[in-house]
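K.L.:
Sequence:
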Amino acid sequence: MVAQSMEDYGLFVWPFSIVLAEYVWQQRLPFSRVSVVELGAGTSLPGLVAAEVGSVVTLTDDANRLEVLATMRSVSDLNNLNCNVMGLTWGVWNADIFPCAMSYRIQY
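The opening residue of the sequence shown carries number 12 in this note's numbering; numbering runs sequentially from there.
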């Protein structure tokens, strides 16, 4: 049961993702024409909304969760959004993937 729960963890729309997506929609101006990385995106609702309002979006989740990554690609395509989908290994920093991440303002 626990193994099954871990597999499906990224396929739920979590309550706070709805709140965050609504915030991005309501406050869309700061999210227009900026780069956004959603870590542990799962169903990607906030990232998809950010892409809809004009952000350049990278959606990420665990590289081992292939079904979750495939779902992120599918929902991006179904909504005609051009999101980059990337699998990451938690705890491993790859400067080639995010070369200038430390120079960006972090919003949350």
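It should be emphasised that the hints constitute simulated quantities derived from the structure, not laboratory data. As the structure is a computational prediction, the values presented were derived from the model and not from experiment. Heads up, the beta-carbon is just placed ideally off N, CA and C, and yes, glycines get one too. Mixed in with the good hints there might be a few duds.
Derived CB-CB ranges, DEER-like [said to hold, decoys possible]:
1. 77 to 38: 18 to 26 Å
2. 102 to 38: 12 to 20 Å
3. 39 to 74: 14 to 22 Å
4. 44 to 102: 26 to 34 Å
5. 50 to 90: 17 to 25 Å
6. 106 to 26: 30 to 38 Å
7. 39 to 77: 30 to 38 Å
8. 36 to 106: 29 to 37 Å
K.L.:
Given the hint of 18 to 26 Å, check if residue 77 and residue 38 actually sit that far apart at their C-beta atoms.
P.N.:
About 33 Å separates the Cβ atoms of residue 77 and residue 38, which means 18 to 26 Å is violated.
K.L.:
CB of residue 39 to CB of residue 77, is that within 30 to 38 Å?
P.N.:
32 Å, holds
K.L.:
May I ask you to test the hint 30 to 38 Å on the CB atoms belonging to residue 106 and residue 26?
P.N.:
34 Å, holds
K.L.:
May I ask you to test the hint 12 to 20 Å on the CB atoms belonging to residue 102 and residue 38?
P.N.:
31 Å, violated
K.L.:
Is 17 to 25 Å a correct range for the gap between the Cβ atoms of residue 50 and residue 90?
P.N.:
The hint (17 to 25 Å, Cβ to Cβ) holds, given that residue 50 and residue 90 are roughly 20 Å apart.
K.L.:
Using the C-beta atoms of residue 39 and residue 74, is the stated range 14 to 22 Å upheld?
P.N.:
31 Å, violated
K.L.:
Could one say that the CB atoms of residue 36 and residue 106 fall in the range 29 to 37 Å?
P.N.:
32 Å, holds
K.L.:
For residue 44 and residue 102, compare the CB-CB distance with the range 26 to 34 Å and indicate the outcome.
P.N.:
31 Å, holds
Checked against the numbered hints above, the structure violates hints 1, 2, 3; every other hint is satisfied.
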